[in-house]
Each structure stands twice: as structure tokens, then as C-alpha cells.
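Just so you know, the sequences run in chain order A and B. Sequential numbering of the first sequence, starting at 47, is according to my numbering. Sequential numbering of the second sequence, starting at 4, is according to my numbering.
Note that these hints are calculated values from the structure, not bench results. From a predicted model like this one, the values you see are computed outputs, not experimental measurements. Careful: at least some of the hints might be erroneous.
Stated by the list, open to error - Just the calculated beta-carbon pair ranges, DEER-fashion:
1. 275/B <-> 211/A: 19 to 27 Å
2. 204/A <-> 62/B: 51 to 59 Å
3. 27/B <-> 255/A: 26 to 34 Å
Where is the CB? At the ideal position from N, CA and C, for every residue including glycine.
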Amino acid sequence: MSGLASRAEALRRLQRGDATFRWMTRAAAIAVLVILGGIFISLVHGAWPALRAFGFGFLADDTWNPVTEKFGAAAAIYGTAVTSIIAMLIAVPVGLLIAMFLTELCPMWLRRPIGIAIELLAGIPSIIYGIWGLFVFAPFLQQYVQPAVIGAFDGIPVLQDVFAGPPYGIGLLTAGLILAIMVLPFVTSISRDVFEAVPPVLKEAAYGIGCTTWEVSRRVVLPYARVGVIGGIMLGLGRALGETMAVTFVIGNAHSISESVFAPGTTISATIANEFTEAVGDLYTSSLIALGLILFFITFIVLAAARLMLMRLNARMS
Amino acid sequence: MALFDARRRRNAIAMALSLAATGFGLAWLVVVLGVLLWKGVGGLSLAVFTQMTPPPGSDGGLLNPIVGSLVMTTIAVALGTPLGILAGTYMAEYGRYDPLTTIVRFINDILLSAPSIVVGLFVYEVMVARMGHFSGWAGAVALAVIVVPVVVRTTEDMLTLVPDTLREAAASIGLPRSLMIRRVAYKAARAGMVTGVLLAVARISGETAPLLFTSLNNQFWSANLNAPLASLPVVIFQFALSPYEDWQKLAWTGALITTLAVLALSIAARVLTGQRKPS
Numbered sequence: 047m048s049g050l051a052s053r054a055e056a057l058r059r060l061q062r063g064d065a066t067f068r069w070m071t072r073a074a075a076i077a078v079l080v081i082l083g084g085i086f087i088s089l090v091h092g093a094w095p096a097l098r099a100f101g102f103g104f105l106a107d108d109t110w111n112p113v114t115e116k117f118g119a120a121a122a123i124y125g126t127a128v129t130s131i132i133a134m135l136i137a138v139p140v141g142l143l144i145a146m147f148l149t150e151l152c153p154m155w156l157r158r159p160i161g162i163a164i165e166l167l168a169g170i171p172s173i174i175y176g177i178w179g180l181f182v183f184a185p186f187l188q189q190y191v192q193p194a195v196i197g198a199f200d201g202i203p204v205l206q207d208v209f210a211g212p213p214y215g216i217g218l219l220t221a222g223l224i225l226a227i228m229v230l231p232f233v234t235s236i237s238r239d240v241f242e243a244v245p246p247v248l249k250e251a252a253y254g255i256g257c258t259t260w261e262v263s264r265r266v267v268l269p270y271a272r273v274g275v276i277g278g279i280m281l282g283l284g285r286a287l288g289e290t291m292a293v294t295f296v297i298g299n300a301h302s303i304s305e306s307v308f309a310p311g312t313t314i315s316a317t318i319a320n321e322f323t324e325a326v327g328d329l330y331t332s333s334l335i336a337l338g339l340i341l342f343f344i345t346f347i348v349l350a351a352a353r354l355m356l357m358r359l360n361a362r363m364s
Numbered sequence: 004m005a006l007f008d009a010r011r012r013r014n015a016i017a018m019a020l021s022l023a024a025t026g027f028g029l030a031w032l033v034v035v036l037g038v039l040l041w042k043g044v045g046g047l048s049l050a051v052f053t054q055m056t057p058p059p060g061s062d063g064g065l066l067n068p069i070v071g072s073l074v075m076t077t078i079a080v081a082l083g084t085p086l087g088i089l090a091g092t093y094m095a096e097y098g099r100y101d102p103l104t105t106i107v108r109f110i111n112d113i114l115l116s117a118p119s120i121v122v123g124l125f126v127y128e129v130m131v132a133r134m135g136h137f138s139g140w141a142g143a144v145a146l147a148v149i150v151v152p153v154v155v156r157t158t159e160d161m162l163t164l165v166p167d168t169l170r171e172a173a174a175s176i177g178l179p180r181s182l183m184i185r186r187v188a189y190k191a192a193r194a195g196m197v198t199g200v201l202l203a204v205a206r207i208s209g210e211t212a213p214l215l216f217t218s219l220n221n222q223f224w225s226a227n228l229n230a231p232l233a234s235l236p237v238v239i240f241q242f243a244l245s246p247y248e249d250w251q252k253l254a255w256t257g258a259l260i261t262t263l264a265v266l267a268l269s270i271a272a273r274v275l276t277g278q279r280k281p282s
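Only chain B is shown next, with the shape it has when bound in the complex:
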């Protein structure tokens, strides 16, 4: 009986611990988001979206970094998505049994988790150092390098889920393979592929490290992609570490905006497929 009690006791302790661990994990989410709301909401106003970043000590907003982030994110998605979709298409359609696919999948999965600061160094070496100056283009390319593996992964996964009977039906009515892929397979996998792009946008919206030495930062309004360009994460980084209280306040507001955007995107991606995020 003593053994029975000991086993039951051990079980109860383990279960209590697992419950506590779950509470611990959830508590962090609540604490981080709670603090963010608490500190960030106060600064939310129309001025944040209509005015430029201020010099210390005066009022201002986050218009130029918000626009800079939007521009670079758009270009990054425009550059990275087609490449990612094409590569994913090869892996799922043409080269399903090709050894090249196994290698690309392996390398892509590594790129998916590779430190983003290394991507920043890479783009610095091939673009910034060559051109001799920081630029919005370099920032967008760095983000595109992060977009590609996310899109490759989801495209391949989603195309693999498309039943082969659909492909055979398309082939039997004489559709060439490329048309079958574009008209039938893409259509069937569309929701999943859009999810991939949304996840990629969510991922790069908060990325700071690859922008630090590619697009750098810009205190002023700029639409010139050949010059340093402000972005929300880099401005948050700079303002948060500054000694000025109004800058720190703007940093919190910017952090809130970024987080809300990122979380909205990742929740939208989930709703769209009803599936779990691929790791």
C-alpha cells in the first residue's frame, strides 16, 4: 500500500507541476501584453500617425518609420514571395522524388531559423559595402531573404496536401503540366499559400536585427529608397535606449502598434487555414 501511495503522490506532484508550468507560460503572455497595453495606449493619438519623429523634447509621431516599414515590407514580400512560391512548386510538383528537393528542404529549414542578424551582415556585405551607403533597398532585400524560406515551406506543404486525383483529372483532359499547376493546384492550395505570405509578413514586421545596418534609420521624411530609411522596429530600438522620456514613450507606442499588427496577422493566418503554424 505504501508503494501505491507513493506512486499516487508522485503522480499528483507531477500533475500539479504541469498545471503550474502552463500557468507560468500563460502568465508571461498576459504580463508582456498587459505591460505593453498599459505603457503604449497612453501615447496612441492621431499625431502618432500623422507627424514625423521628433527631436528630443518636442512633440511628434511615428509617420516616417511607419511608412518606411510598410514600404520595405511590401518590397520584401514582392521580391521574396514569387521566388518562394516557385521554389516550393518545384519541390512539391516537379521534383517530389528528386534528391535536390531533399537538399533544398533541409537548407530551407535551416534558413528558416537562421539568426536574422547574420542575414543583415550578408546584405551589408553584398549591397551596402558595394554601394557605399545604407539604403532602403538593402533593408528590403534583407527582409526578402527572411520571407523566402517561410513561403517555400508553406507552399511545399500546401501543394503536397492537394490530392493527386485533381492533378490526374487535369492531365486527363490534356492540360499541360505547368497549366495544371497554375490553374488547378494553386487554386486548391490558395488559402494555405496566402497563410504562408501572411506569416512571412508577420515575421518581418517585427524584425529589427537585419535592418540595423542595411536601411539604418532616418530622422526625417524620406521616400528615397537609395537613402537610409526609417523603420518602426529600428526607431523603437533607438528611442527606447535613449535617455529622453518622450522618446521612450513613443517607443512604447510604436511597440504596441507593431505587436498588434503582428498578432493580428498571425491570428488571421490561423483563422484562414484553421491549422497550426508550421514551425
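Chain A with its partners taken away, still in its complex shape:
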């Protein structure tokens, strides 16, 4: 009798343990949602004084004057957009070409080592890109590349304004180039994964009617993998928009909108990193948090779009 009772007791304990564990895991899963919600709410809360003071004009105003406490986000948004566009213009074609090389051209035994090497680029901390950009890459650009480019485009309308001097070394273009290197592994590895997922039958059929490797890649593989590639590109764009340290080192931190890509500028993340600890006054701090809110909002939309596309792709594949 006592054996039965202790057994019932042990079973009850197991049941309780089971329920507790299940409850704990569910709470942890919900905690992930709470973190995101918390980020959003705390940013809105911190940004509120600035948003109330400046309204929607905050987005369009390019003055950033701590002394008169006039703040606007336009210059930072412009810099973020320009550096990200430069980064994607370079990283997307190069990443797609590398993915094509890895899936079609590269000998089997080299695929894994090269793939890992490219992915290691994503493993290097962003502050390393920053210090390297400031001390090595920017002086190199200033000395050898920028003067030549400025000279080459001198006198050509539009382009002479886009590539106008003086060559500082640091600036929007330098930041964009470094971002391109940092985003490259994301575009490459996702493109390679979706290229590899293309059914071999499709490729074989195309080769069978006499297509060249390029034609197979361009007309068969790329259309089939389009959704995944776009998802990968958006994921890379999300990274480029929010990248902080590498950009902070080489952007020049100038709150101005300039036509020239050689001019120093600023991005949302670089402004926050540079000025947050030195910000005096509630409105200044609040304006910086408002910048953070804008950044969070933009990256949220870009990343959500990327994930929706990749989810659609996974659903189709399985």
C-alpha cells in the first residue's frame, strides 16, 4: 500500500516537473517577443521629447546644432542611404558572381575552403574593419585612387559633382566600400545556398540543349533562385544600414548633405556612436534616440521583407 502511494507521489512529481518545464520553455519563447517589444517601446519612450518638439519635420530637416538645440535627421538618413546603396551596388554583383563560381565553376575540393574563407569575412568584428579602414584603406584611397578619379571625371557634367574633391580619404565612398566588403559574405553564402538548391535536372536539361555555363546561370539558375537571392540581398542591406563601428571610423562625422561621394558625412548609427555619451541636455539625447528609432524602424521593415521572402522559398522547397 505504501509502495503504491509513493509511486503515485513520484508520478505526481514527474507531472509537476513536466508542466513546469513546458511552462518555462513557453515563457522563454514569449520572452523573445518581449525583448523586441521592449526595444521598440523604450526607443519610442526615449525619442518622445524630440518627436514632440520637432514633429515629422525631424525627418526632413538637415540641421544638427547642439548649441541652439535644433535637430533634424535628414543628413544622417541621407548618409545611411548613400553608403548602403554604394555597398549594395558592389556587393550584389560580386557576391552573385562568387556564388556562381562556387556552384558551377569551382573544382569540388576547393568549394568548401573558398566558401569558408568568404564567410570568415563576416566573422571579422566590425571594429577591425573600422581601424583598418581608418589607418590603411582611407590613406590609400586618398593618395592613389581619389585624385585620379577626380581628375578623370573633371569637366563631365553630373559626374564631376558626384566625384568632386578634395580627397579626404575618409567619407561616404570609403564607408560604402568597407560596407561592401562586410556585406559580401551574406549575399554570397545565401546566393550559393539557393543556387545549390536548384534541381540538377533543370540545369542538365539546359546544358543538354547546348547552353553555355553563363546562359545556364543567367537564364535557368538565377530565375529559379530569384526569391532567395532577393531575400539574401535584403538581409545584407539590413546589415549595411545598421552597421556602426566600421562606418564610424571612416565617415568623417559631418552633418551635411553633399553631392560628392568623397565628402565626409554621417550615418544614423555613426552619429549615435559618436555623440551619445557626449550629449548634454535632454533634447540632444532624445534626438539621438529618435535617430535610433528611425534606424530600428527601417531595418525592421527591410529584415522582415527579407525573412518573408526566405520563408516563402523554404515553403516552396519542402
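Following the hints, complete the assembly by docking chain B onto the known chain A.
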């Protein structure tokens, strides 16, 4: 025949370009790592690991930021890993067909790539502003927020790979579900879950942005987590942007140490599973 030649020519150009693109990508890796070694190795000495950060113009090392980084990383992993593993467990085991899982996965993937500086602002708002001062705790919490999504993702992926027959076998001998998960599923997925933690450590070891206004920096030795705490990335940031040559040299050495640690961790993670890093 002209068309044939044109197609062949176009193909050759495209192939040459793809080869060049690969060379371009690899060249950056070589250049960045090469410069880092070139500039950083000269400063490597025992003093780097035994002395405090110096005032400009005198000798010193990186002991306090190294210790600060280790402490904050350890706390961040201790805070973030259990939460991440539990959440991943719910998604792969209990709630595999629950709509909540789909939502959490979606949000988690966004957190995974969210700008880390925003995480810094978040922790500043909820901790630093409330407490009224910067602190090592705030830095550790900011890093923990970055650890969670990485661990959630790998835990869910690895548990999903565990064959259901194992679960059914455990259930058939009368094991309660929670014990089945802890004793059978975790064991089967252990290598993958350790990989997740290693990747998370690699990710936060180089993170600077979330520490800038949470743990701030500290010139001196400090074991007080309630006060500003030095960390390697923030010291690199500060020293690299300073006008003093010996500070810049220390920044390069610190950069080398950080990179070697991060790359070693991510290579170890790869070796452990033989799989590619989840994006």
C-alpha cells in the same frame, strides 16, 4: 557561326568575371588579416596581458579591458544561453505546430540581424538611465540580448534535426516529455547546441556598439560590475581614434587579439559540427 562565337565569348567573359570576383573577395580577407598581423604582432608581449591600460606616453598593457571583456562575455552567456535554449526547445519540441512558434521564429530572425547599436540604446534606456550610471552589468545585459537570438536559432535547428524515432522510443518506455527532452533530445543535439553558444560568444567578443553607452570604459583596474567597466573593443575604439602613437599601437595589438579569438571560436564551431554557419 558568328552567334556561336558570340555566345562562347560572352560565356568566357562571364567566367573570367566570376573568377575575378572570387579573387577580389579572397584578396580582402588576405589584406585585412595581413595588415592586422603586420601592425599587431609587433606589440604582442607579456606586458600586454599583465599591465593596465597606460596614460598616453607611457608603457602599459590591456589587462583591464581583457578581463572586463571576459567578465561581461561570461555573464552575457550565462544570462542569454538558458533563455535561448528554453525558447528554442519550445519551438522545436512543444510548439512545433503552434502559430506562436512561427511568430517567435520570425521575430527572432529579425533580432538576429538587428543593428547592435539599437540594443545599446535599449539597455541604456532600461538600465543606465534608471540606475543613473554606466555599469558592467548593463554591458553584460546588452551582450546577452545579442546572445539570445543566436542560441534560439541554433537550438531550434539542431533539435529539429533529432529524429522523431528517438523521441518515440523514449516515450514508449514511459519517460515524461520533459525528461525525454532533457535526457534524450538534448544529448543527441549537444554538439550543435554547443556550436550555437560558441557562435554567440564569437559574435559578442567583437561587439563594440552596444557597449559604448552601457559599460562605457574604465581606465583603471575594476572588478566592480556596478561601475563603468573597460572592454577590449571599446578600448580599441578609443585608442585608435586618439592622437597618441603608443595608444594606436596598443589598439592594433588589441584588434589582433580580438580577431584571433573570434576567428578561433568560429572555426572551432565549424569543426565541431562540420556544418555551415546559420545565417
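Of all the hints numbered above, which does this structure not satisfy? Sort the numbers upward. 1
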